Amino acid sequence: MGDLNCDLLSPTCPATKSLSTILELGNLVFKSEFELFPTRITNTSATCIDLIAVDRTIELSRYAIADFLLSDHFPVEADIEVVINKSISPVMRRSFKNVNFDELGIKMAEIKLENIDDPLSFENQLQHWNDKFISILDDYAPMHAYPRTNKKPTWVDKNTRGLMRLRTSLARKFKNGKLNNEDLDLLNNLKRCIKSRIRASVKNHGKLVISKDNPKETWKFIKKTTFTQSKGSFYLPEIDDVNKYFADLVKTDSSQNIAIANCQYQKGTIEMFDILPLDFFKTKNMLDKVKTDTATGHDDIPGFLIRKLSAFISPNITQIYNSSILNGIFPSTWKKANISAIYKNKGSKSDVGNYRPISVLPILGRILEKAICNQLQQYCDINEIIPKQQFGFRKNSSCETALLAATDNWINDIANGKLVVALLIDLAKAFDSISHTQLIQDLTDIGCSPSALCWFKSFLSTRQQRVKFGSTVSPWMNVGKGVPQGSPLSPLLFNIVVRHLPRACESEVFQFADDLTNSASDDNIEGLSTKLQSIYTKVKAFFEARMLHINLSKTQLIVFKSARRKLPENFGITFDNVFISPSSTVKLLGVTLDQHLTMGPHIESVVKKCHGLLGMLRRSTSYLPREILNLIYISLIRVHLEFSSSIFVNSAQIHLNKLDVIQKIASRIITGSTAMTHSAPLQSQLGLDPLHVRRLKHVFTLVDNMLNGKAHPYFKDFFKETNNPQASSTANKNLLYKKFSKYGFIVHNEVTKKL
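In short: position in the sequence shown from 1, add 1, done, that's our numbering.
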């Protein structure tokens, strides 16, 4: 709906024809059999430039022009037939306002666990503890039904609300034709007064929030006033259909019997991995670190309460954790997950395939998983089980470091006159497809002890999940394969399953969890095609042996080359009868890479996104204080300008200048200056360092960490041969200086000299 400045009374007008085509393609209708009337009448014209369009599946019972005028346009009114539920259900929640937490904690500490170390009674004792916990909680903070109400903004005070009621009353009289000229002037003055009072109140409230130096409250205020919060529009089909779709992803053809295979590693080469018990202090420390707003699982034990009562419940929780480790049993109640459907920001929102199933597990179970994950990760790091080509879910690793490693390698080959082809492979539902039997075999191969294998077998078997939309839940469904997305252990287990991929495909591989990029280089295009076919065959065989499948429809191909080299027309490669032609740009780990690695297209896309955010910043200037506006720029806009900045720090200045323009515009918006005002003093006034200075500092920090061993294992000895690079005599020296291993070292030395 809106004022589209397109005259619907002139159907032969080109603009009107285009609008009609757009509405038709969107399956929308704006008038049906109803007659159109002018919505804007002047002394010289009468046009219908305002409309309301609705989906054809919705019944439109009335479409008319209103008989009152509040601006120079007549409003459009439309009635649609919808089915609504008039019975508004209350919100059921607990109130902890008057709870004495010390008294509550003492009651929780009095819960007795008997024979908790006995595997036959372990599950019953945990269920007993859960039941007693909820029972005591019901006594101190019982569930109450609260009416659904809209929270009134804190910056709209009592006097302003009175003016708003008077404005509404006068507007109603005006619509009914009972308002004289004096009342009309009063109505217009009221509108301006209310707007001015709200703006002043919001600005004062913002100053109060930022003066408290509470980042959490400040960020909550920013989201509320800049409309960056999702309104929760829902597009998915019925919950049972969504539940069935997600359940089918993790269903096996037959019930799997997870066997504990014999260990395949050679004794004496590495120590076996055993899950070590936890002491009271370690457990309490983990409970103290639980985020207060973390999602609550199906057991309804909230995170803030676990943290609040950590000192009281730690003894019992420690016993439960250690009994789980000792008996090799992961409790069934902690294997049940509420599935939350998260949109992937790609494709139709009504297609459930475009949603990621995130498992919300009980918090106490997640804490135990995290403790065991830390032990297993340490074991993998010491024994170098995860290859250096894997950058996902590892300490001192990020998307940026993965891209640095890949682009440094590719630029080196291009500088030596070679063509480089990169195949960006997309795995279909990678985490949901992992075979439990294969995973247990992989854990056996890396040296897990029989007791640890028993625990992991219990962790994987007899899992259940259900979909939850608000207060609506679906039936429980069995899980036969995969690792839950949302579990602390799942990323590491996935890395273990695919750890042999670099060795299997015998090519350059860069992995970030399930994002896989294979590359090959050659002097000519024919050799490149042959190598890529061989790589794909080996990668496919590796994944199929692990019941993982490549999604060719989302797999991308790009050829990196110097600007002088040309590719044959219609060049492409066929994989499994699917022809894939090379793209001029691809998006890898959030960064747009072009075939010449100029980073120009990436900077263009970032600038385009930031211009939209600058509009939000500009709209906020009238009612937010300068300190909040500056914080909005830093937290919502500058982060885009600096994402993976070490990748493009040495790009052409013509590209980098576009990023500087964004900061210049932002500084003028924040300070309320005109477009012609010199921006350098404004940026200094706001404490905004030039972007190129920040990029150099960032590169210095990255290189310093790499030289001091505080980086991903890939960068060990990364700068060892920087001063004597192995390059042919015909190598492009300018391109070689674009390698991070070269320019990063130079930047580090220059900054070090200045310091």
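Because the hints were derived from the structure by calculation, they are not lab data. Since the model is a prediction, treat every value here as computed from it, not as a measurement. A portion of the hints provided could be inaccurate.
Cβ pair distances, simulated, as ranges [claimed, not checked]:
(1) Val640 with Lys350: 57 to 67 Å
(2) Ser554 with Glu78: 14 to 24 Å
(3) Asp718 with Gly471: 45 to 55 Å
(4) Leu24 with Tyr344: 44 to 54 Å
(5) Asn6 with Ser170: 31 to 41 Å
(6) Asp249 with Asp446: 21 to 31 Å
With a cut-off of at most 25 Å between alpha-carbon atoms, the simulated DSS-like pairs for lysine-lysine come out as follows [unchecked claim]:
(7) Lys133 with Lys152
(8) Lys721 with Lys389
(9) Lys309 with Lys290
(10) Lys754 with Lys711
(11) Lys174 with Lys221
(12) Lys555 with Lys347
(13) Lys345 with Lys430
(14) Lys98 with Lys174
(15) Lys159 with Lys174
(16) Lys610 with Lys665
(17) Lys290 with Lys430
Cβ atoms here follow ideal geometry from the backbone N, Cα and C, with glycine treated the same way.
Verdict for Val640, Lys350 (Cβ pair) under range 57 to 67 Å = For Val640 and Lys350 the Cβ distance comes to about 25 Å; the hint is violated.
Taking only the CA atoms, is the gap from Lys309 to Lys290 under or equal to 25 Å?
-> holds, 10 Å
Quickly compare the C-alpha distance for Lys290 and Lys430 to 25 Å and report which way the hint goes.
-> Not satisfied, since the Cα-Cα distance of roughly 31 Å exceeds 25 Å.
Given the hinted pair Lys345 and Lys430, is their alpha-carbon gap at most 25 Å?
-> This hinted pair holds, its Cα atoms lying about 13 Å apart.
State, for the Cβ atoms of Leu24 and Tyr344, whether the hinted interval 44 to 54 Å holds or is violated.
-> At 25 Å between Cβs, range violated.
Quickly compare the C-alpha distance for Lys610 and Lys665 to 25 Å and report which way the hint goes.
-> holds, 16 Å
Distance restraint evaluation - Ser554, Glu78, Cβ atoms, bounds 14 to 24 Å = violated, 45 Å
Take the C-alpha atoms of Lys555 and Lys347, compute the straight-line distance between them, and say whether it is at most 25 Å.
-> Distance ~12 Å between Lys555 and Lys347 Cα, so the pair holds.
Is the hinted pair Lys98 and Lys174 satisfied, with a Cα-Cα distance of at most 25 Å?
-> Violated: Lys98 and Lys174 sit about 44 Å apart, past 25 Å.
Take the C-beta atom of Asp249 and the C-beta atom of Asp446, compute their distance, and say whether it sits inside 21 to 31 Å.
-> At 30 Å between Cβs, range holds.
Restraint status (C-alpha distance of Lys174 to Lys221 at most 25 Å) | With a Cα-Cα distance of about 39 Å, the restraint between Lys174 and Lys221 is violated, given a limit of 25 Å.
Restraint status (C-alpha distance of Lys159 to Lys174 at most 25 Å) = holds, 23 Å
Figure legend: structure checked against the earlier numbered hints; hints not met, in rising order: 1, 2, 4, 7, 11, 14, 17.
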